[in-house]
Amino acid sequence: MTVVTNQQTVSSQAVRATYDVASIRSDFPILEQSVRGKPLIYLDNAATSHKPRVVIDAISHVYEHDYSNVHRGVHTLSERATAAYEGAREKVRQFVNAKSEKEIVFLRGTTEAINLVAQSYGGANIGSGDEILITAMEHHSNIVPWQMLCERSGARLTVVPINESGELIAGQFEQLLSNKTKIVALSHMSNALGTINPVAEMIALAHQYGVPVLLDGAQAMPHMSVDVQALDCDFYAFSGHKMYAPAGIGVLYGKAQFLEAMPPYQGGGDMIRQVTFEKSEYNSIPYKFEAGTPSIADTVGLGVALDYLDSVGMDQIAAHEQHLLQYATEQSEKIPGLKLIGTAENKGAILSFVLETVHPHDIGTVLDHLGVAVRAGHHCAMPVMDFFEVPATTRASFAMYNTIDEVDVLMDGLKEVIKVFG
Amino acid sequence: MMGDLRELYQEVIFDHNRNPRNFYVMEDANRKVEGFNPLCGDRLTLYLYVQDGVIKKASFQGSGCAISTASVSLMTEMILDKTEEQTQQLFETFHKITTGKDDEVKLEELGKLQVLAGVKDYPARVKCATLAWHTLDAAIKNNAATVTTE
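Which chain is which? The protein sequence lines are Z and F, in order. According to our numbering, the residues represented by the first sequence are 11 to 432, in order. According to our numbering, the residues represented by the second sequence are 11 to 160, in order.
A few of these clues could be false.
What the hints assert, rightly or not - A few chain F residues that don't get close to chain Z, going by computed Cβ distances all over 12 Å:
(1) Asp14
(2) Asp38
(3) Asp52
(4) Tyr59
(5) Gly63
(6) Met88
(7) Gln99
(8) Lys111
(9) Lys122
(10) Ala127
(11) Ile150
Unchecked claim - Cβ-to-Cβ under 7 Å is the rule here; a few derived chain Z residues that face chain F:
(12) Glu366
(13) His369
(14) His371
(15) His379
(16) Gly381
(17) Pro401
(18) Ala402
Rather than coming from a laboratory, the hints here were simulated on the basis of the structure. Even for Gly, the Cβ is constructed at its ideal location relative to N, Cα and C.
Chain Z on its own, in the form it takes in the complex (with noise of 0.2 Å):
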C-alpha cells in the first residue's frame, strides 16, 4: 500500500469537518453548465480536470497585480512575482514532503518531467547494453521518451507484463531486474486501467540492486497523499492540470543528489550562472533545469490548488472517490455485456470498460447527449489495448466533485446505449 498520510500536507488552514461535495462542487464554476441540455456530468478526470473559483481568480490576481518576471529586476513588481513563484515552490515542496525546495523542478508537466530525466539523467547514465525497466500498463509518456533514448544509446527497453485484472505479475519485476538495469520507470497509478503499484516495494526492491526508480505521478497524485521521502523515490514527475490547477505546469521531484550531477536539459536564461563565449557556467538546482521565462501565473496557480486540496483533505478526497469507484464498479456488474479492463485489487477511481456490441465512440456520442463527459479511445496507452484485445474502452474517471447521483445518470445511460445498438 502506498497511500501515505502525511501530516505535513495539513496548511494552515483547516480541514473541513465533513466531506460536503455540493459545497465542493460550488468552487468549480465550470460545474454549473448544461450540455445539450442536460446537466454537466464531468467524467472524464483522468485526462483533465477542472480548476476551483480560487485558482482561476489567482491567476488573474497576478495578471492584475504582482506580474513581472522572475528572479530578474530589483523592481517591486519583480520581486513580488518572485516571491510569489517561489512561495508555490515551497507548497510543493510540503505537499510531496521533499526535504528541500531545491528538488522542486517547475516543468511544463509530466510529459516533460520524463523526458527531462531520460535526456539528461539517461543522456549521462545510460549506454549501450544497458536497461531501462519499464511495465506493461505505461501511458505513452511513459515509453516513449525511454524507446528515443534506447534508439540513442543503444540502450535495451524491459517490460514488466500485467495479468487480466491489470496488476503488475508479482515476481516478474525482481526477475527482470538486473545489473544492466540502469533506471526504472513506472506509472504510481494507471491512466487506462486506475492500477495503483506497490510502489513502495519496487522502490525498494530497485535500490537492492543499486538501480534508481522515476514515477509517473500524473494520475496518483490527485487522487491520494504522496510522500516521496516515505516512498524513497528518485523521481517524481506530475503535472498539475489534472490536480485542479492550471494546465502548463508540472513538477519534477528529483533527489538533490541526482539533480546536481545531472547536465541541464535546456540552455537559456535563468539557467545559467555565468556565460562567456568560451564557456558558460550553469546556476545551481533547481534553477539549472529552467531555462527561460516560467509559466509564472500557472505555477502560483498550482501552488493555490494545492492549498485547496489540503483545504479539503486528501485522505478525505480518497475515501469519497473510493466510494464512487466501488458503487459504480456494483453497478457496472449489473449492465449486460459490460467488461470492466483494469480489475485491479488496488485502484483509483478509473472505470474503464467495452460492452460487447457498442463501439466506445458510439458510447461516448450517446452519453454526451445525456451531458456526461466519458473518454472513448486507446488513452495513450496501446499497448494496454493490444494486451486486452480490444481496439478502444470506454472510461468513466471521477474527481472530488462527482457525486452518486451522476453515476446513476451514466449507468442510464449506458442501459440507453445498449437498447439503441443492441
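Position chain F against the provided structure of chain Z, taking the given hints into account.
Relative to the frame of chain Z, chain F by itself:
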C-alpha cells in the same frame, strides 16, 4: 432515442452496423489498402477487384464504430460497377456532405449517402465516416500505405 441523435444514427446506419454488406476477405482482390484511426480504434481493410478501370467487386474486413462501419458498408455497395472517375465524384460529394457543404450537392447525387449527412454536426465523428472513402481513394491511386483520417 434522444431527439437529435436520430440525425446522426439513422435506421440505415444501425442496419449496416448490425449487418455489414460485403464483409469478407476477397481472395482475388487486385487492390487492398488498410485504413486505421488509432485514436478511435477504427480499423478496416478494403478489397477491390478493378477491371478496365471499373470496380467489379468491393469488400471489407475490420472493426469500428457504427458510423465507420456503416460508411464503409454503404460505400462497398455504392461503388460497384462505377468507373474510377465516377467514384472520385462520389468521394467529392461525400466530402461536401460531411463537411456541411451539402447545399452545393444536387439532391439526386445524394442517394444513400444522405444517411451520413448527420455527422457534419459532430466534428469529432467526421473522421469516422471519412475513413472508408480516404481508404478507397488510396486504393484507386494504388497507394499501399495505411490510410488515416485522424
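Status of the hints after comparison with the structure:
no., hint, verdict
1, Asp14, "8 Å, violated"
2, Asp38, "28 Å, holds"
3, Asp52, "7 Å, violated"
4, Tyr59, "27 Å, holds"
5, Gly63, "35 Å, holds"
6, Met88, "22 Å, holds"
7, Gln99, "29 Å, holds"
8, Lys111, "22 Å, holds"
9, Lys122, "20 Å, holds"
10, Ala127, "16 Å, holds"
11, Ile150, "26 Å, holds"
12, Glu366, "13 Å, violated"
13, His369, "4 Å, holds"
14, His371, "4 Å, holds"
15, His379, "5 Å, holds"
16, Gly381, "11 Å, violated"
17, Pro401, "3 Å, holds"
18, Ala402, "3 Å, holds"
Violated hints, listed in ascending order, are 1, 3, 12 and 16; each of the other numbered hints is respected by the structure.
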